[in-house]
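Protein chains: 2
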Amino acid sequence: MKTSENPLLHELKGLLREDQVSVNETVLEHHSKDESYHPESLPDIVVFPENTEEVSTIIKIADRTHTPVIPFGLGTSLEGHVIPYDKGITIDFSQMNKVVEIREKDFLVKVQPGVTRSQLNKELKKYGLFFSVDPGADATLGGMAATNASGTTSVKYGVMEDQIRDLEVVLPNGETIHTGNLAQKSSSGYNLNSLYTGSEGTLGCITELTLKVYGIPENIVAARASFPTVNDAVEAVVSILQAGISIARVELVDEPSIRQANLFSDTEYKEKATLFLEFHGNEPGLNHDVAFTEEIVADHYCEEVFFEKDNAARNKLWEARHNLAYAYVHGNPGKKIMVTDVCVPISELAGAIRHGRETIDELGVEAGIVGHVGDGNYHALLMIDTNNIEEVKKANLFNEAIVEYALKCGGTCTGEHGVGIGKMKYLQKEHGKALDVMETLKAALDPKGIMNPNKLVSGKRGSI
Amino acid sequence: MKTSENPLLHELKGLLREDQVSVNETVLEHHSKDESYHPESLPDIVVFPENTEEVSTIIKIADRTHTPVIPFGLGTSLEGHVIPYDKGITIDFSQMNKVVEIREKDFLVKVQPGVTRSQLNKELKKYGLFFSVDPGADATLGGMAATNASGTTSVKYGVMEDQIRDLEVVLPNGETIHTGNLAQKSSSGYNLNSLYTGSEGTLGCITELTLKVYGIPENIVAARASFPTVNDAVEAVVSILQAGISIARVELVDEPSIRQANLFSDTEYKEKATLFLEFHGNEPGLNHDVAFTEEIVADHYCEEVFFEKDNAARNKLWEARHNLAYAYVHGNPGKKIMVTDVCVPISELAGAIRHGRETIDELGVEAGIVGHVGDGNYHALLMIDTNNIEEVKKANLFNEAIVEYALKCGGTCTGEHGVGIGKMKYLQKEHGKALDVMETLKAALDPKGIMNPNKLVSGKRGSI
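Respectively, the protein sequence lines represent chains A and B.
With numbering that gives the first Met the number 0 as the guide, the letters of the first sequence map in order to residues 0 to 463.
With numbering that gives the first Met the number 0 as the guide, the letters of the second sequence map in order to residues 0 to 463.
It is possible that some hints are incorrect.
As the list claims (entries may be wrong) - Partner residues are not named here, just some residues of chain B that face chain A (Cβ under 10 Å, in silico):
1) 161
2) 325
3) 333
4) 343
5) 418
6) 443
7) 456
8) 459
To be verified - Calculated pairs, EDC-like style, for lysine to aspartate or glutamate (alpha carbon to alpha carbon, straight line, at most 20 Å):
9) 407(A) <-> 100(B)
10) 335(A) <-> 399(A)
11) 459(A) <-> 62(B)
12) 86(B) <-> 24(B)
13) 432(A) <-> 174(B)
14) 447(B) <-> 435(A)
15) 59(B) <-> 24(B)
16) 459(B) <-> 174(A)
17) 12(B) <-> 39(B)
18) 155(B) <-> 435(A)
19) 155(A) <-> 100(B)
20) 432(B) <-> 52(A)
21) 104(A) <-> 161(B)
22) 155(A) <-> 174(B)
23) 432(A) <-> 62(B)
24) 155(B) <-> 174(A)
25) 269(B) <-> 217(B)
No wet-lab data here; the hints were simulated from the structure.
The beta carbon of each residue, even a glycine, is placed where N, CA and C say it ideally should be.
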């Protein structure tokens with residue numbers, strides 16, 4: 000595309016540096032996909048702003064020209080959130096990647112949206128602090144806020160929403176707001192922090208985040224416990240929670256997934272349904288929790304349990320867990336991954352996973368099951384040849400079946416990945432008339448429908 | 000008012016039982032005020048629905064007739080939230096006071112909005128569970144959700160918003176939605192739980208709540224520590240938090256307030272700046288935390304510290320704390336109470352309280368200071384003769400001064416009481432353009448402006 004042929008490109012190039020505006024094929028390609036099975040689609044233009052003012056300028060132009068705007072972090076989304084099906088301008092936040100301020104005494108940090116969680120944690124470590132949310136992927140904090148991400152530590156520290164003290168947001172008209180403040184709590188007006196968190200770029204662009212951080216725990220112990228069946232492992236988790244043990248992480252990895260991890264991560268974990276656990280706390284309290292947990296897992300037929308107290312062994316364990324999705328991708332070249340994401344009340348989790356496994360077997364698909372089981376959230380990992388219609392159909396049937404099951408028992412179609420394009424079809428069933436409220440919010444706050452259009456909601460005004 | 004003279008009253012009486020619709024002077028009077036200094040104003044009619052369908056019916060009539068609707072719990076609000084300045088129908092939820100379901104294994108409870116927190120805790124105790132949010136007043140859970148209440152335990156368990164899994168809400172058009180689900184977490188669409196929590200009845204009526212509850216801790220220890228100055232006490236709290244001690248409650252009560260408590264609660268606490276603390280946990284972990292805390296408070300010149308391990312002494316301590324506002328009211332007959340409510344980042348708390356005390360002295364008003372200091376939230380309790388213009392003026396000047404100070408250091412004008420009528424004047428300064436977003440939300444979700452009008456926001460559409 001030549002600049003002269005495109006007035007939008009021309010205008011953007013007039014306002015930003017040459018290297019901040021791109022229509023290069025490789026760059027467009029890089030912004031045409033995420034880590035999911037959803038089909039690719041190119042944006043018209045990719046821009047790389049360096050500050051909020053530039054984001055505001057870009058969005059004002061988009062507003063005036065009714066051009067779609069897609070905020071882009073690192074493209075680790077799993078439901079097509081960042082794929083520009085309606086074309087338009089993709090705003091890549093990789094140049095807004097500064098840790099702006101660390102307020103040690105307040106346990107707060109201010110960051111730009113392009114900062115990744117590992118980058119932040121490296122910075123925080125110098126202060127004896129850490130950022131708790133850990134979705135596995137080394138996503139950007141802007142992206143994690145946009146999808147209300149969570150992950151392994153949420154059972155103790157909460158999800159992304161729980162960490163957000165303030166967001167700077169550029170609205171669809173180019174104006175900039177702050178959604179919160181620096182205080183620990185507030186009852187001052189409607190909760191805009193939570194409204195923009197999880198809004199998936201459909202209401203505005205996050206340009207700065209003030210996040211809650213934590214002191215690195217005095218003591219950390221990780222453990223790996225293997226069980227005869229997934230059911231035993233899940234029941235053990237329910238008992239641990241019932242006992243009031245303050246667990247920091249509790250992850251289920253089923254037998255096929257342990258096998259995949261061993262292949263990829265060079266581990267020799269017993270190929271059985273396994274819980275990866277972690278405890279944080281002061282030494283005597285933690286020892287008490289660990290001893291109590293050992294008793295509980297034994298009651299649930301645990302076959303062996305290993306405790307990892309030193310950093311290296313602990314890191315290896317969590318690395319193996321985090322690399323699981325990549326292990327599946329790596330082990331299935333040419334295929335794409337579908338990661339399902341239902342979340343159910345904890346009392347329903349064992350049944351939900353049983354139903355999931357049965358459905359996998361019935362449909363004859365191949366899938367591993369892992370989960371943040373302390374939250375009632377489990378993922379099935381399905382490798383799909385997207386050119387094989389039958390395979391795609393079966394994967395979709397599976398996803399529909401487990402979503403249906405989750406909704407029936409009071410759960411949700413997505414515990415942490417968000418809606419994007421992939422889960423929109425389930426929202427009517429999940430939310431009923433509340434979906435009208437969401438459509439009304441979208442229409443009111445993005446009246447021209449330019450912000451990440453046709454994601455999360457349809458953009459058609461609701462009936463209320 | 001005769002039924003025949005008022006078609007609205009006539010219609011309501013046709014749909015509800017005789018005793019569910021009242022224009023009785025005493026009943027109207029009872030619904031004309033809250034616990035604050037804000038002037039009274041009578042509603043036209045008070046209704047007492049018994050279920051969601053009746054609430055829906057009432058609101059459909061209000062919608063059709065453009066009649067203001069004011070949801071009313073127990074009238075314990077502190078900023079005039081429930082006072083019907085625009086007249087209309089007050090919906091009293093006292094007949095919707097059932098604990099609907101306790102899901103022990105899921106740590107969830109479903110309640111009607113008129114259930115009070117003490118009523119709920121009495122019920123939960125049978126299951127070894129408790130509901131954590133404790134604002135002092137025995138408010139209804141509907142009211143607590145509407146104001147995003149918090150209180151003494153929020154430093155550990157979070158505020159009202161953190162406990163809300165689902166709300167049933169009757170919208171201003173009479174339709175009913177559910178804002179969430181029963182899963183521990185969700186990324187499914189805009190966060191309606193948090194939007195309706197703290198919306199103070201301005202977007203709809205809460206008719207059912209599903210709330211997170213907790214296992215009663217294995218061990219609880221309370222403590223009372225007195226310090227030479229408020230500043231020493233606050234600095235001790237900062238150090239406790241810095242040390243990573245998991246504290247369940249930490250309340251500041253200044254010297255004048257201890258005096259008031261001793262008078263009212265028949266205690267003989269040392270008349271010094273005092274921290275009331277509480278620790279929850281397993282025995283060895285808790286003992287470790289308690290010992291560490293003793294060291295820290297000693298470093299901050301603590302003069303004496305008492306630990307209360309048995310239930311009776313502990314309850315007496317928290318009763319004295321909870322009754323403080325009533326102690327002030329009781330000790331100042333004929334006066335009304337203004338309870339300020341700023342919240343600041345914890346690093347700014349000592350300065351904010353010092354500034355508050357200096358301003359009290361400068362203006363020559365009388366006030367005690369108490370606070371949920373672990374959250375950076377403090378209250379000044381001012382007794383006002385509302386007929387004395389000079390006294391009212393000084394109280395308002397004081398409130399303005401401390402709000403100004405809080406906003407300057409990144410805080411909020413209200414940590415937990417909400418906006419109501421009393422804090423509206425500060426919202427422009429606190430939120431800037433974000434207030435336009437709030438006005439836009441109100442206009443979109445309550446287009447006729449019938450829900451608790453002229454509270455929280457003006458109801459005039461924002462400029463976005």
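Check each numbered hint from earlier against the structure, then list the numbers of those it violates in ascending order. 2, 3, 8, 11, 15, 17, 18, 19, 21, 22, 24, 25
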